[in-house]
Each structure stands twice: as C-alpha cells, then as structure tokens.
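Undergrad: One-letter residues, chain by chain:
2 protein chains.
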Amino acid sequence: MALIVHKYGGTSMGSVERIKNVARRVAKWHAAGHQVVVVPSAMSGETNRLIGLAKDISAQPDARELDMLASTGEQASVALLAIALQDIGQPARSYTGWQVPVRTDSSYTKARITSIDDKRIRADLDAGRVVIVTGFQGIDDDGHITTLGRGGSDTSAVAVAAALKADECLIYTDVDGVYTTDPRVVPEARRLRVVSFEEMMEMASLGSKVLQIRSVEFAGKYRVPTRVLSSLTDPMIPLDEEMTSGTLITFEEDEKMEAAVVSGIAFSRDEAKVTLVAVPDKPGVAYSILGPIAAANIDVDVIVQNQSVAGTTDFSFTVHRNEFQKTIDVLTQQVLPAVGAKEVVSDAKVAKVSIVGIGMRSHVGVASLMFKTLSEEGINIQMISTSEIKTSVIIEDKYMELAVRALHKAFGLDQVQEA
Amino acid sequence: MALIVHKYGGTSMGSVERIKNVARRVAKWHAAGHQVVVVPSAMSGETNRLIGLAKDISAQPDARELDMLASTGEQASVALLAIALQDIGQPARSYTGWQVPVRTDSSYTKARITSIDDKRIRADLDAGRVVIVTGFQGIDDDGHITTLGRGGSDTSAVAVAAALKADECLIYTDVDGVYTTDPRVVPEARRLRVVSFEEMMEMASLGSKVLQIRSVEFAGKYRVPTRVLSSLTDPMIPLDEEMTSGTLITFEEDEKMEAAVVSGIAFSRDEAKVTLVAVPDKPGVAYSILGPIAAANIDVDVIVQNQSVAGTTDFSFTVHRNEFQKTIDVLTQQVLPAVGAKEVVSDAKVAKVSIVGIGMRSHVGVASLMFKTLSEEGINIQMISTSEIKTSVIIEDKYMELAVRALHKAFGLDQVQEA
Numbered sequence: 001m002a003l004i005v006h007k008y009g010g011t012s013m014g015s016v017e018r019i020k021n022v023a024r025r026v027a028k029w030h031a032a033g034h035q036v037v038v039v040p041s042a043m044s045g046e047t048n049r050l051i052g053l054a055k056d057i058s059a060q061p062d063a064r065e066l067d068m069l070a071s072t073g074e075q076a077s078v079a080l081l082a083i084a085l086q087d088i089g090q091p092a093r094s095y096t097g098w099q100v101p102v103r104t105d106s107s108y109t110k111a112r113i114t115s116i117d118d119k120r121i122r123a124d125l126d127a128g129r130v131v132i133v134t135g136f137q138g139i140d141d142d143g144h145i146t147t148l149g150r151g152g153s154d155t156s157a158v159a160v161a162a163a164l165k166a167d168e169c170l171i172y173t174d175v176d177g178v179y180t181t182d183p184r185v186v187p188e189a190r191r192l193r194v195v196s197f198e199e200m201m202e203m204a205s206l207g208s209k210v211l212q213i214r215s216v217e218f219a220g221k222y223r224v225p226t227r228v229l230s231s232l233t234d235p236m237i238p239l240d241e242e243m244t245s246g247t248l249i250t251f252e253e254d255e256k257m258e259a260a261v262v263s264g265i266a267f268s269r270d271e272a273k274v275t276l277v278a279v280p281d282k283p284g285v286a287y288s289i290l291g292p293i294a295a296a297n298i299d300v301d302v303i304v305q306n307q308s309v310a311g312t313t314d315f316s317f318t319v320h321r322n323e324f325q326k327t328i329d330v331l332t333q334q335v336l337p338a339v340g341a342k343e344v345v346s347d348a349k350v351a352k353v354s355i356v357g358i359g360m361r362s363h364v365g366v367a368s369l370m371f372k373t374l375s376e377e378g379i380n381i382q383m384i385s386t387s388e389i390k391t392s393v394i395i396e397d398k399y400m401e402l403a404v405r406a407l408h409k410a411f412g413l414d415q416v417q418e419a
Numbered sequence: 001m002a003l004i005v006h007k008y009g010g011t012s013m014g015s016v017e018r019i020k021n022v023a024r025r026v027a028k029w030h031a032a033g034h035q036v037v038v039v040p041s042a043m044s045g046e047t048n049r050l051i052g053l054a055k056d057i058s059a060q061p062d063a064r065e066l067d068m069l070a071s072t073g074e075q076a077s078v079a080l081l082a083i084a085l086q087d088i089g090q091p092a093r094s095y096t097g098w099q100v101p102v103r104t105d106s107s108y109t110k111a112r113i114t115s116i117d118d119k120r121i122r123a124d125l126d127a128g129r130v131v132i133v134t135g136f137q138g139i140d141d142d143g144h145i146t147t148l149g150r151g152g153s154d155t156s157a158v159a160v161a162a163a164l165k166a167d168e169c170l171i172y173t174d175v176d177g178v179y180t181t182d183p184r185v186v187p188e189a190r191r192l193r194v195v196s197f198e199e200m201m202e203m204a205s206l207g208s209k210v211l212q213i214r215s216v217e218f219a220g221k222y223r224v225p226t227r228v229l230s231s232l233t234d235p236m237i238p239l240d241e242e243m244t245s246g247t248l249i250t251f252e253e254d255e256k257m258e259a260a261v262v263s264g265i266a267f268s269r270d271e272a273k274v275t276l277v278a279v280p281d282k283p284g285v286a287y288s289i290l291g292p293i294a295a296a297n298i299d300v301d302v303i304v305q306n307q308s309v310a311g312t313t314d315f316s317f318t319v320h321r322n323e324f325q326k327t328i329d330v331l332t333q334q335v336l337p338a339v340g341a342k343e344v345v346s347d348a349k350v351a352k353v354s355i356v357g358i359g360m361r362s363h364v365g366v367a368s369l370m371f372k373t374l375s376e377e378g379i380n381i382q383m384i385s386t387s388e389i390k391t392s393v394i395i396e397d398k399y400m401e402l403a404v405r406a407l408h409k410a411f412g413l414d415q416v417q418e419a
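So the protein sequences, as listed, match chains V and Y. Numbering-wise (the UniProt record's numbering), the first sequence opens with residue 1 and increments by one. Numbering-wise (the UniProt record's numbering), the second sequence opens with residue 1 and increments by one.
The set of hints was computed from the structure by calculation and includes no laboratory data. Keep in mind that the hints are not guaranteed to be accurate.
Just so you know, same-sequence chains aren't split out, so a pair can sit in one copy or run between any two.
[To be verified] Straight line, CA to CA, 25 Å or less: simulated DMTMM-like cross-link-like pairs of lysine to aspartate or glutamate: (1) Lys282 <-> Asp105; (2) Lys326 <-> Glu343; (3) Lys372 <-> Asp329; (4) Lys28 <-> Asp87; (5) Lys55 <-> Asp87; (6) Lys326 <-> Glu376; (7) Lys55 <-> Glu401; (8) Lys165 <-> Glu241; (9) Lys119 <-> Asp105; (10) Lys119 <-> Asp140; (11) Lys28 <-> Asp56; (12) Lys398 <-> Asp182; (13) Lys110 <-> Asp87; (14) Lys55 <-> Glu17; (15) Lys119 <-> Asp141; (16) Lys372 <-> Asp397; (17) Lys119 <-> Asp142; (18) Lys221 <-> Glu377.
Could you build all of it, start to finish, from the sequences and the hints given here?
TA: Written out as structure tokens, the structure reads:
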C-alpha cells in the first residue's frame, strides 16, 4: 500500500463528465489498496471569470480581496469531486486550504507555503476516505485567505505530498510527460521516462510549460518523487500501465538515468535583446544599468558582459518581448544619461535555445558540439549563457526551429534510448 | 453615530453595475457617520448554478459537500463588494462565516447559528472600515463549513445585528416593505410603516415571502429592530428619506402602532385538503394518522378534528398541493387499514386566507366579522383554524382573490391610516 497524491488541472476538471472521469481514476487507485489525496484545480475558465468580474468593478482590485474571490474556484472543485467519488461508492471528503490548514506567508496573490498540517488528512485516509484538498490557496497567520499565484495547484500538490511523505506525486495534465523538446517543433521528440530534478528545474525556467517552476523547487527541496502523466487516457487503464507512464522526476542520480549527456532542448521565442555599447567599465556599472530596469518591474533573463577593451565594455541582456519597449524607454531616458554609454542597440526578434543535461557536468565538449552544429547550419550566435547543466544561446528568431531540430538530432535525442 | 447592518439579496448583487450601486449606497451611510456591516447574498443564479452542477454529478449529493460548494457563491460576493467599495475610496474588508466566526450546529444545508464572535468585525469598524460578512453560512465545532438553507442570508444579517447589538438591521429587497396584503391581488393594499414582531411571524408563516421566518424569529429573540426596504431606489437618495422608508418590525407595542385591529391579510393558494371520514374516536388516533404522514416527510399545515358523534369523528388536515398525491397514497395504503376509518375524501383545490393582527387579542368579534364578510360573498368556509393573533379559513381556491379583497375592505385596510 502506498500513499499517492494526484493533481488534476483545470481542463481535467472542465465539465461534469470530466469530473466523473477523474473520480473513476481516483477510485481505481484506492480500490488497488492505495491511500489517495487529490488536489484539483478550479474548473477551466472559472478563475478567469472571477478575476474578470473583479476587473470590471475596479482597475486595481485589492490583492486580499482577489484571493478571497479566486479561492472560491478551487473550493467548488473539491466539493464537486467529493460528490462524484461518493456517487460511485468511494468515501471521500474535501478540505479547503484553511481547513487543513495549509499555512502561508501574507503575500496575497503570490503567497509561499510555510507549513502543512497532516493530522486531519491522515485521519481521513486511515478511515478509508479519499481526501481532496484545494490547490492554489492557504491561510496566513491572521486567518486571511491567500493564493499561491497562477499554476499554484502544482505547488500545492507537491507540498501536500512532501508534508505527508507521500510515495509519489502524480501531476495529471494534458501532455503525457516531459519531452526532449516540443513535438510541435520536432516531430521526432521523445518522451523522457525519467528526468533529474536539476534538469527539470532548468527546463521549467527555460520555458517548458509542463510544470510550474515553484512546484519543481518544492519537489527538490523535499525530494518528492513526482511524475507528470496524461489525464487524457481512459481512466480505467490498468494501474501497472499508468504507474509507469509519463515522466518521473527523480533525485537519485545513480538510478537508471537516461544515458544521454543532453536530455532536452528548451526554447523560448518571446525574447528581445538590448545592448549598451561602450559603457565606461567601472565598479557598480551592472547595478546602475539593471537597478532602474528592476525598479520598473521588468524581468531580465540572460545577461552578458564582455571583457573590457580600452576602458569600456558592451553590456547586453534579454527581456520578454512584451517588455521590450518599456525596457528601451528606461534605458534611453534614465540609464544612458547616467552611465554615459555610447548608445543602445536592440533587437526585438531574437529567440533563446538551450540544451539541458545533467551529463554535461562530467562531459567536456558538449557546448562545442552545440556551437559546431549551429555553425554548420549557418546560424549566428549573438549571446551565450551557461550554467552547470545547461547552455543557452540567443539567435535570430527566424532560425529557432532550425536550431532546435539540428540540436535535437546532433545530440541523438531522436534515437530510441536503451533501457 | 449608529451601527447599522445592511442585507442585500441576490438580485441586488446580480451584476457588476448593481454591485457598484450597493457600494455607493453603503458608502453613503458610512459617509454620514455610521458604522456599517453588510451581508450580501450570492449573485442571483449562482447558488442554482452550483447546486445544478452537483445534481448533474449525483442524484443524492452529500450535504457536507453541498455546503462546501454552495458557500462559495457568497464568498465571491463579499470579495466583489469589498473591491467595489475600495474602488470608490471607502475602506472595506470582507470575511467568510468561518473567519468571523459564525458558529453553527452541524446540520448541513439547514444549520442553526449558535454564536457569533464580534471581535474581528468590531476591530475593523473601529478602524473606519465597512465590514462585509458572507450570509447563509457558518462553521461547526469540527471546522466544517455549514449553510443555513435557502434565504439564510436574512437570518445571518439579523444574527450579526444581534451579536453586534446593532441599532438597526436593514433588509434591502425588491419590494418596498410589508403590505396589508399582496398588491397584485388587491391594488388598494397599503404598505405598513410599522408591524409588530408577532404579526410579522404570522405573516411569514402564512406565506408572505418578504422575510424568511427564521430571520424573524431571530429578530424577535434578540429584539433586533429590523426594517424591510427597497434596494431599487436611487442609491444616493437622502439618508433621512431612506431611514424612514419601508416597514419597521418592532417589539415595542406601546410605540405608535398601527391603529387597525387587523394589520394584514395573508393567503396561500397551494393548499390541498384531505379528510378521514368516521374515524373510530379513541386515544392516539391523531398520532396514528399523522405519524405515517410525518414519516413520509410531508408537512401538515392546518389540522381540524371535530367533536365525535356516535363514537366516530372526522379528521381533516391540509398539505402543500405538491404533496397531495403522496398524502393520499400514505392515507389509503397505510392509515385507512390501520385506524379503520370509513373513507378518505379530498380536495386538491383549496386555498387558505388568514387575517392577522395583534389587536385581535383584545378585540372581540374580529373572527365574526371575517365569517360574516365571507358569507355575504357566498363563500363557504371548509375549515377554520385560529391562534391568538390570526384566524385562517380554508375555502375553495377559485374564491381566494374575492375573499382577500372583501376582507381587505371589511377591515378598513384600504383606508389611509391616521398617524
């Protein structure tokens, strides 16, 4: 008997029929002798509907009241799923975040979980019930409702799994796992059976939308074995088959890891690049450039500063394309006069392509193969940024698909892997 | 400075524009120096939508989970109203039932309030905020969410007013007060400026839909001055005018009460009558008839048992017309064989008409005038039931409107009353 946490997204909870399917799948796990805790999202569209009402009333709705409002979506979901389980004869009970309680700090709309009490959940599990807990929300020390921000239900599920020391946390979603890259770009992309926590962290931060990065952080911090798998399969598929489907995020490197040095190719097409040319190179210059950018609430991604030549340096960074114009405004109006650079050059049409792999740590020449491959395709590399287990390049955006396909092939990701 | 509780129904909260109007009205009261607590219902249609989802999933949804589900409607409402108030510069904060907390017993879907903690509300009022509390719901001793049943927001509002020792509880609704009778039946019906608690109790139980009877009970138990008034007026009408509009339910009989002996005519057209003929008259016969009816969950209204003649008696009662067939089935299949009555005669087309007035206590001849009036119109009285301040008759339903109009005139209710 294992203790398993299931998480279902809004699409899986999107209609009465889908909720019944979730109930059938959950009951199947319980019937096989497992204890099951379920964390469902709000029905798809519901959170947007609620926030839309608030925005129709006020341009700047208060964050505390937004959380009070938005948290009702998940509360309705847990009750409906409990009703669906009971209807097929499976005892079940739902709890809100404050009933568990899931304690958080007081940062409304983006709270962080501080602790989860497992007493109540455990008592119901021991009584033979499936326990359903609202995702996305908690309660602060003053008894106010908080939410964890968009995608927070993934984080809730992993956090509940950590608190209960669950054997596995299953994230049911509308894709059937983590792929070597996006199959829409590279049809040969393969599903990874296993991915290391570190690789998943890089992929999540590099634009793979499969899991919210905070949930991966949580999984890593508490070493929660987490599996991403499809909610679109027949709910009654054999348990053995379901238990080995999808992609397992693992923390045991000496487990049977993927043989490949590079596990996946991540990319993001919504990047824009700016460069301050001939910045006088003195201490504090990076801060005097990025301070005003941060103050304008602009997220900076890749940052590159070259070796100084003749007392000046070129300083480049990328931002999300949506924030490109705002970035240019801050740079020309505030930064340029202050730091005395020569000019700002920019390119709103760049893309980021990254290779990710825990094997890069111990293998030399991985980055070289990347650069060689791109060069053979005639793709110019504009910026390079590396970490221990990933290398990212910024290239002209029209070459993005070509680069991803070439790298996918060069690193052998289209080969069927050995068991 | 007074402490005022406002209650708004689902229609008043039915759209973004209406929520903004509620906010304007509430802010006006606060600006005049009053402390205001608001208890809004769920947006109209929302509770039905939620319960509909549950019924689509299960024919018999669990009561605890229904409360978990339905309570989200009011939670969304309080947040939206807080946002609307803040948007026009009025500090406000919303609370759910469990946050106050409003404590109840554990009778899911029809819980009763046991206590309300006023500490949190008072602290916010003292800080200059309008406080918005969810109606309809509370929390039981084990921390489960409960709801008070349909119309429970009226009860919540009066209970909050009682806990805070509020100066007045204003129930904003889509009628502008309590009338001598339904104006759709008698165009001359007048709005009562004041009605006694006892009269309001009788009217609520006799079918007047203005206030839920439990809220009137609560108002009576804690002597909460409660006013029924219109939410359809311009939100910015002068406060003086608004404060004296509608109908005040009062507990001070020596206050300037309505001069009339009879205050109102109540009626209900959905009655059905059954009679067991020639029931052997022995102890316990009433229980052997009504026991199986109660066991079948049928509500009995008027009960009449005549003097026994030659050892047998006729036993009649009325039920809601929807339960007529079920009642006949129970009587013929279970009761008739058991008590040995001669037969069951029935009439599914009767109506109940009642005169209500606190003055009836000290005035003789009130019932006689009622009977004389009906007789002059040629209306046959089938059953009579009386209490200290009301007399009800059962008549053929096609005469109902005629009876109501004749009685309204006979008791002078169409006369403009003296101040």
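Undergrad: Work down the list of hints and note, for each, if the structure agrees.
TA: Tested hints:
Neither within a single protomer nor between protomers do Lys282 and Asp105 lie at most 25 Å apart by alpha-carbon distance, with minima of 39 Å and 70 Å respectively. When the C-alpha separation of Lys326 and Glu343 is checked against a cutoff of 25 Å, the pair qualifies only within one copy, where the shortest distance is 17 Å, while the shortest distance between copies is 88 Å. Neither within a single protomer nor between protomers do Lys372 and Asp329 lie at most 25 Å apart by alpha-carbon distance, with minima of 37 Å and 89 Å respectively. Taking CA atoms no more than 25 Å apart as the test, Lys28 paired with Asp87 passes inside one copy only; the shortest distance there is 14 Å, against 49 Å between copies.
In this assembly of identical chains, the alpha carbons of Lys55 and Asp87 lie at most 25 Å apart only when taken from different copies (11 Å versus 37 Å within one copy). For the homomeric pair Lys326 and Glu376, neither the shortest alpha-carbon distance inside one copy (36 Å) nor that between copies (85 Å) is at most 25 Å. For the homomeric pair Lys55 and Glu401, neither the shortest alpha-carbon distance inside one copy (38 Å) nor that between copies (49 Å) is at most 25 Å. For a Cα distance limit of 25 Å, the shortest separation of Lys165 from Glu241 inside one copy, 24 Å, qualifies, whereas the shortest one across copies, 63 Å, does not.
Proximity of Lys119 and Asp105 under a CA criterion of 25 Å is satisfied in both settings, with 21 Å inside one chain copy and 23 Å between copies. In the homo-oligomer, the alpha carbons of Lys119 and Asp140 lie at most 25 Å apart both inside one protomer (18 Å) and across protomers (18 Å), since each shortest distance falls under that limit. For the identical chains of this complex, Lys28 and Asp56 are inter-copy neighbours only, at 22 Å across copies versus 43 Å inside a copy, given an alpha-carbon limit of 25 Å. Within a single copy, Lys398 and Asp182 get their C-alpha atoms as close as 17 Å, which meets the 25 Å cut-off; across copies the closest is 74 Å, which misses it.
With identical chains, the CA atoms of Lys110 and Asp87 are at most 25 Å apart between copies only, with a shortest distance of 22 Å across copies and 35 Å within one. Taking the closest pair of Cα atoms, Lys55 and Glu17 come within 25 Å of each other only across two copies (12 Å); inside a single copy the shortest separation is 31 Å, beyond that limit. For the homomeric pair Lys119 and Asp141, the shortest alpha-carbon distances inside one copy (18 Å) and between copies (17 Å) are both at most 25 Å. Proximity of Lys372 and Asp397 under a CA criterion of 25 Å is satisfied intra-copy only: 19 Å inside one chain copy versus 94 Å between copies.
In this assembly of identical chains, Lys119 and Asp142 lie within 25 Å of each other by CA distance both inside one copy and across copies; the values are 21 Å within and 13 Å between. For the identical chains of this complex, Lys221 and Glu377 are neighbours neither inside a copy (40 Å) nor across copies (85 Å), given an alpha-carbon limit of 25 Å.
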